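K.L.:
In case you want the letters, here they are:
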Amino acid sequence: MKNVALFSMRNLRLGILSAGALLFLTPYIWMISTAAKSREEIFSSSLTLLPQHWALWENLAKAFSQVPMGQLLLNGLIVCALIFFFQVAIAIPCAYAMAKLRFRAAQTMMTLVMLGLLIPIHATALPIYVALNKVGMLNSYFALSAPFFISVFGIFLFLQFFRAMPDDLIAAARLDGMSELAIVNRVIVPNAWPAVTAFAIFSVVAHWNDLFWPLIVITGTERATPPLGLLFFRAAEAGDDYGALMAATLIITLPLVAAFLLAQRRFIEGITLTGLKG
Amino acid sequence: MSAFALRNISKSYGANRILNDVSIEAEEGEFIALVGPSGCGKSTLLRIAAGLDHGDTGSIWMGEREITADHPADRNVAMVFQSYALYPHLTAAQNIAVPLTMRNLSLLQRVPFVGRFVSGRAAAQAAIKQQVFTTATSLQIDHLLDRKPGQMSGGQRQRVALARALVRQPGVFLMDEPLSNLDANLRIHTRTEIVDLHRRAGVPTIYVTHDQSEALSMADRVAVMMGGKVLQFDSPSRIYDDPRHIEVAKFVGSPRINIINAVTSDNGTIFLGGKPVLEGVTGPVGTSVHLGIRSERIKLRSPSSKGIAATVSRLEFLGSEVLVTARAAGRDEGLIVKAAPADVAHLGAGSPVILQIDKGACLVFGQDGLRVPLRISARIAVDA
Amino acid sequence: MREIATTHPLPDNRFVAKQAAIRAAKREEWVAWQLAAPAILLIVVLILLPTLAVLVFSLTNYELGYDDFQFVGLDNYIELFRDRTFLISLKNTAIYTAIVTPFSVFIGLGVALLIEGEKRGRTFFRTVYFLPVASLLVAMATVFQYLLHPTIGPVNAILSMIGIAGPNWLGSSSTVLFSLAIIGIWQSVGFNMVLFLAGLTAIPRELYAAAEVDGAKGSWERFRLVTWPMLGPTTLFVTTISVINAVKVFETVKTLTEGGPNKSSEVLLFTIYQEGFVFLRVGYASAMTVIFLAFLIVLMLVQYRVLDRRVHYT
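Residue numbers (my numbering), protein chains in the order written: chain F, 1 to 278; chain Z, 279 to 662; chain S, 663 to 976.
Bound-form chain F, shown alone:
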């Protein structure tokens, strides 16, 4: 009796999970399906998943001809790389000083960090925009990335991680003749990979997907990031050529989704770690 109940309970659970999963995947399924359909078919039969005749290449070609897809992806890559590099290069030494050195300003720094965690880019956007405008730096990779060079969240994350590192390790490095900078480069960074990876995922997901800031500082496709480029494309296409639009969304969504699928365990661990610490 109990076995039967347990069995059906498990199936119920699996049923709910599967139905939910299907619902969550629906947009992706239709994105791919629509990207492969011709214009006429999109209008005539929205419920069939497999197109009668494939128009995927035409749609892709249209997307590539009207939007510089390669440029968008490259811009996204450059901006994310710049941001991540500076965030890590600036946050790690600071977190090390706060965690492991006798640093009287550490307490004040901690207050600054906590304060910084409260303030999103949306709050500081106006003055930074005004300043960039004044120095004529809008429409540049610098404008896209510079406001994010400091990540108080990164400092916070690395601080937690470094605090857990044994003091003896640093004492040993000092006895072995390393300078403090050498300790950071040769001992701290090589052993901070879990934190660096988690932070990398957090940072790249956030900035690859961000629309708010690029929308403010970028006006042409030349420096547009993927989300902004897609927005331009939508405006240009008046939003009704769904085949081409879906082909474009497919291309633009693919890099990060592919990265996620390849390293989904790392991704989820990274987001969990950064999420819980934040």
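No lab work stands behind these hints, which were simulated from the structure alone.
Predicted model, so just to flag it, every value in this text is computed and none were measured.
Some clues are possibly wrong.
If you want the footprint, here are the derived chain Z segments under chain F, 3+ residues with CB under 8 Å [unchecked claim]:
no., stretch
1, 370-381
2, 461-468
Listed next, with one range per pair, are the computed distances between beta-carbon atoms [said to hold, decoys possible]:
no., chain 1, residue 1, chain 2, residue 2, range
3, S, SER926, F, LEU47, 27 to 33 Å
4, Z, ALA479, F, ALA105, 54 to 60 Å
5, F, THR108, S, LYS680, 23 to 29 Å
6, S, ARG746, F, LEU254, 38 to 44 Å
7, F, GLN66, S, SER926, 30 to 36 Å
8, S, VAL968, Z, ARG425, 46 to 52 Å
Cβ coordinates follow ideal geometry from the N, Cα and C atoms, glycine included.
Assemble the complex: chain F is given as a structure, and chains Z and S must be docked to it using the hints.
P.N.:
Below, chains Z and S alone, put in the same frame as chain F:
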């Protein structure tokens, strides 16, 4: 002139005095153990010796050279940490090579990739590699050189940590409880190895431990530290047989020394169970003293013998010996007696016995904890 | 040892040791300053000064393009609370948050519990539900626009098959916020789920065994007795994060509705964006930003307070 010396080191954190005028020196090739309960300041002293911490007063000497103000890396000291502190991302060989790389390669030569093209790097690296291999072979870890710390057992990591300290041929070895993370069997085994290693290297060594048996068995001289002070700095046998302070007597030896609270009578006599145990304690009559007697210096005799009458309250079988707790008539505290199992096979809780105390081994301490001398003329009392 | 002390005069030694200690401490402090300097500089330049600037701007009539501006006191704030668009924007943001937060938190918790209890396909389900978090929201919003298209969209096609005339999801003022909320929920459930999964794995197994021994037979009883209370801090945290993220809704609105139709999807960040970066009324937009920031700070303070008072069993 000693090979390495810490002189008059004091250190306080606020009102808390961690070290109080501590002086320790090691002769050429000498093995010094710093032993004491946790919080006695021994680890702080070692960190001061390494330059990782600084005292408020005092000086540190390497032979004739004062190194009090030197940076840790410039002192030519090597330290083995309790946690081993191996770089987790480097192989054993790379770990051992670090101090040499830092000392023998120039800054430019150490830059990754670029350093490869700086002249003299290849020769210097070959020399380092050779030194690493020689050291590793002497510690029998040459087969582990390609492994990272995470792939090694505790004992293996410990050897790599030793090798990293040895390879730089330092002026002094500092060891901070290097055995406390090993399991009991390996610990005893490694003791002998470290002592052998020390003999071969001939480098003065300061070895911090909280384990008194480790200190007594390994060291040429032992400094017993308590509350930031060195209570006694002496050879192991004198620390054990001739402690200057009651805390030293209580800290070393297992089982712990028996301490009997007593009051001196005429002629400085101390009575136990109605029998005089010791005569000739100096000082005025009626002084409260502590009489210390080690468990192996008390003999159990059959009830018909002469001595102090007592009752067995407990027997603790330890294999090669038995610890018998016996209570003298009219006393609350039990005296622990170490006996051979065969001699006490017939005893049980409640059995009457006679205790005979070796008067020559009696240690008398005053209320201030310091040893109270016995009068030269004091003669060993005849058992009543 | 006494004679050593006399051969080396004490005052001299004291001097050297103290000096060395001070020098070492100074050196360490100096190195720490050097290592932290870039971060301190950037925190000041990119966070503190801009925040102060927003506060100052909000008291002026500064407009981009005009170089001179006057301090107008609290005029901007007074105007704000007479501004119909801003009030609608506040209301819409509140409604959107009120829909998205509970759904994304409880669906996230539900999915986490189901996945935790189910051995089969655990990785698969986790990946699927998390996929939206890693997807470009602007792109996926476009897909949703197609799905919810009133005439050619699959959603309404399915509804018409069962005889329901589907609404104009994103095009009608009565359903637009609800439609945006569906996208918001879809996008944030996965994030909440992984946080809950992490919270669940942190619950010691023995507690469940103890609950069972103590007579909590059903899974619901065990949930009430162990899971829910132990998840307290996680739930509070997930809820706060969800509220903050919902208040920050922007991408979908900008991509799909531009605040329309008839301001019925006008939300806070979109209004700030319009005023500040389209109409370039920096002073006025700054006042809105201050209100927005005040919201976030109040939310965080509430979280800390609750955390202090109620959730003290970790």
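K.L.:
Each hint should be assessed against the structure and marked as holding or not.
P.N.:
Results for each hint:
1. 370-381: holds (count 4)
2. 461-468: violated (count 0)
3. SER926(S) - LEU47(F): 27 to 33 Å: Roughly 29 Å apart at Cβ, these two residues keep to the hinted range, so it holds.
4. ALA479(Z) - ALA105(F): 54 to 60 Å: About 43 Å separates the Cβ atoms of ALA479(Z) and ALA105(F), which means 54 to 60 Å is violated.
5. THR108(F) - LYS680(S): 23 to 29 Å: 27 Å Cβ-Cβ, so the 23 to 29 Å window holds.
6. ARG746(S) - LEU254(F): 38 to 44 Å: 42 Å Cβ-Cβ, so the 38 to 44 Å window holds.
7. GLN66(F) - SER926(S): 30 to 36 Å: Since the Cβ atoms of GLN66(F) and SER926(S) sit about 31 Å apart, the hinted range of 30 to 36 Å holds.
8. VAL968(S) - ARG425(Z): 46 to 52 Å: Since the Cβ atoms of VAL968(S) and ARG425(Z) sit about 49 Å apart, the hinted range of 46 to 52 Å holds.
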